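**Q** Below are the chains, spelled out letter by letter.
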Amino acid sequence: MAFPSRLFPTPVEVAVRLYRDAFFGKLLLDMGKTLSRAAIAFTIAMAVGSALGILLGRVSAIDRLFSSWVIVGLNMPAVVIAIVLYIWLGLTETALILAVIVNKVPLVITTIREGVRSFAYEYDELALAFRMPFWRRMRFVSAPQLMPYVLAAARTGLSLIWKIVLVFEVIGSDGGVGFRISTLFQFFDIKGILSYTTAFIVVVLVFEYWVMRPLEHSVLRWRTDRA
Amino acid sequence: MADGPRLNIDIAEKRFAVLPAPLLKDFHLAVEPSSVVALVGPSGVGKSSLLRMIAGVDDDFSGSITVDGVDAAAAPPPGFVFQDARLLPWLTAIQNVRAVRASTSEPSAREWLRRVGLGGYEDAYPRELSGGMQRRVALARAFSVNPQLLLLDEPFVSLDRQIVAELQQSFLTMFSDTNCTVILVTHMPDDAARLADRAVLLNGMPAHIVSDIDLDVARDKRTSQDLARLTALIAEARPEDTL
Chain A
10 MAFPSRLFPT
20 PVEVAVRLYR
30 DAFFGKLLLD
40 MGKTLSRAAI
50 AFTIAMAVGS
60 ALGILLGRVS
70 AIDRLFSSWV
80 IVGLNMPAVV
90 IAIVLYIWLG
100 LTETALILAV
110 IVNKVPLVIT
120 TIREGVRSFA
130 YEYDELALAF
140 RMPFWRRMRF
150 VSAPQLMPYV
160 LAAARTGLSL
170 IWKIVLVFEV
180 IGSDGGVGFR
190 ISTLFQFFDI
200 KGILSYTTAF
210 IVVVLVFEYW
220 VMRPLEHSVL
230 RWRTDRA
Chain B
225 MADGPRLNID
235 IAEKRFAVLP
245 APLLKDFHLA
255 VEPSSVVALV
265 GPSGVGKSSL
275 LRMIAGVDDD
285 FSGSITVDGV
295 DAAAAPPPGF
305 VFQDARLLPW
315 LTAIQNVRAV
325 RASTSEPSAR
335 EWLRRVGLGG
345 YEDAYPRELS
355 GGMQRRVALA
365 RAFSVNPQLL
375 LLDEPFVSLD
385 RQIVAELQQS
395 FLTMFSDTNC
405 TVILVTHMPD
415 DAARLADRAV
425 LLNGMPAHIV
435 SDIDLDVARD
445 KRTSQDLARL
455 TALIAEARPE
465 DTL
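Chains as they are written, first to last, in this note's numbering: chain A, 10 to 236; chain B, 225 to 467.
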């Protein structure tokens with residue numbers, strides 16, 4: 010056989026291993042830990058990044074003051090942030106989640122800021138002419154213009170978070186998919202690594218097709234290209 | 225139906241930083257209740273700016289504009305129709321009518337859409353409506369906000385004349401039904417001749433009234449000969465563009 014099965018297991022072997030890991034191993038526990046970390050980091054990063062993005066998009070003085078920091082944040086190596094936070098805060102959940110948030114926030118700020126900058130003046134004038142109250146204007150005029158950018162930030166942000174959560178779990182964590190894969194790596198257990206990877210891919214696809222796409226379809230159904 | 229409000233416009237000065245002279249200076253205009261007044265003039269003379277000041281959107285001027293004795297910015301918001309339909313593309317026709325004012329109920333919005341001839345199109349998105357239909361939604365939205373005072377900013381631009389004729393008939397019906405006061409901004413004498421009771425011609429910088437024409441035949445009784453005569457009257461009085 011050209012490829013030794015230890016290094017190149019067949020799909021059937023990976024599926025069997027996946028079944029065993031899920032029902033007799035720690036796969037579900039690890040997946041739960043990773044997903045909860047990703048969910049917390051994602052929620053906080055989206056909220057903070059959106060608020061700051063709106064602020065920077067609306068107030069040019071603040072944008073001029075902080076845009077360099079946003080660029081630094083965008084280009085700072087993720088591993089550096091994780092290591093520094095692990096040193097400062099210890100190998101804790103807080104450090105891990107905070108590292109993910111700090112990595113993702115600049116990306117959200119940049120996307121949302123562009124969204125705010127693209128607001129149509131005509132709609133602002135419409136709201137002014139009819140003297141729409143602030144919250145009504147937010148709901149009917151501003152938020153719908155921002156939604157495509159929020160969805161873009163969510164999608165790119167999620168892809169980033171899936172990756173860096175695992176990397177940070179490898180560096181300093183006592184559980185989660187990344188931690189388990191690093192353990193499997195030490196035993197050169199490629200079957201186990203592929204089993205965990207497959208499970209992770211399934212979760213990502215389920216999230217994409219059951220959450221992101223229906224949400225996108227619902228929010229953007231007014232667009233011509235979705236008719 | 226109650227009469228539309230009386231407007232008193234007394235502008236001492238309105239300036240824009242980019243202009244070498246005031247846009248308006250010592251400008252006075254009184255508009256009778258339930259009358260339709262057309263402001264006719266070349267582009268850039270200040271017609272649309274004046275409309276925004278009446279709407280209370282722009283209060284950066286010296287002088288006063290009152291609506292039934294109340295400062296324009298404090299008066300109830302007028303119904304406003306822009307040069308484009310300016311519908312929010314993510315909302316359906318009925319949602320567009322309801323979005324601008326919280327107190328507009330669904331039955332009321334449906335009724336306004338029906339009155340502009342759009343019964344059955346309540347759930348259509350703007351992209352699913354023709355240009356003329358979109359303007360009708362904009363008209364329904366304006367009336368739903370304030371059926372007593374309507375400000376129309378060149379509402380027929382970039383529409384073909386067949387659609388304009390249909391729209392103007394809708395406007396005339398709605399004006400009569402609601403007894404509203406209307407300020408119509410236009411640069412087309414035939415629009416003014418068809419819809420207005422009075423044509424106020426503006427020109428210059430600062431803009432001033434060069435002619436104030438009382439259109440002597442009732443709006444709903446104008447024949448095609450009347451329209452041709454009134455259009456010619458306005459066109460003749462319209463000065464050369466001095467901007």
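What the hints contain is simulated information worked out from the structure, not anything from laboratory work.
No experiment lies behind these values; they were computed from the predicted model shown.
Careful: at least some of the hints might be erroneous.
Label-pair distances were calculated between CB atoms; the ranges are [said to hold, decoys possible]:
# : chain 1 : residue 1 : chain 2 : residue 2 : range
1 : B       : 241       : A       : 67        : 19 to 29 Å
2 : B       : 242       : A       : 93        : 25 to 35 Å
3 : B       : 382       : A       : 41        : 57 to 67 Å
4 : A       : 127       : B       : 241       : 22 to 32 Å
5 : A       : 214       : B       : 381       : 23 to 33 Å
6 : A       : 93        : B       : 295       : 24 to 34 Å
Derived, one-sided and incomplete: chain B residues facing chain A with beta-carbon distance under 7 Å [said to hold, decoys possible]:
#  : residue
7  : 314
8  : 369
9  : 371
10 : 412
We put the beta carbon where it would ideally sit given N, CA and C, even for glycine.
**Q** Give a verdict on every hint.
**A** Hint-by-hint comparison with the structure:
Checked against the hint of 19 to 29 Å, the C-beta distance between residue 241 of chain B and residue 67 of chain A comes to roughly 22 Å, which is consistent with it. The beta-carbon spacing between residue 242 of chain B and residue 93 of chain A, approximately 51 Å, falls outside the hinted interval of 25 to 35 Å. A C-beta distance of roughly 58 Å is found between residue 382 of chain B and residue 41 of chain A, which places it inside the suggested range of 57 to 67 Å. For residue 127 of chain A and residue 241 of chain B, the hinted distance range of 22 to 32 Å is satisfied, since their beta carbons lie about 26 Å from each other.
In this structure the supplied range 23 to 33 Å is violated for residue 214 of chain A paired with residue 381 of chain B, their Cβ-Cβ distance being about 50 Å. Residue 93 of chain A and residue 295 of chain B have their C-beta atoms about 59 Å apart, which leaves the hinted 24 to 34 Å range violated. A least Cβ separation of about 4 Å between residue 314 of chain B and chain A falls short of the 7 Å threshold, and the interface hint therefore holds. Nearest Cβ of chain A to the Cβ of residue 369 of chain B: about 6 Å, under the 7 Å cut. The hint holds.
Among the interface hints, the one on residue 371 of chain B is violated; its C-beta lies about 14 Å from the nearest C-beta in chain A, farther than the 7 Å criterion. With 7 Å as the threshold, the beta carbon of residue 412 of chain B stays out of range of chain A, its nearest partner Cβ sitting at about 22 Å, so the hint is violated.
Checked against the numbered hints above, the structure breaks hints 2, 5, 6, 9 and 10 and satisfies the rest.
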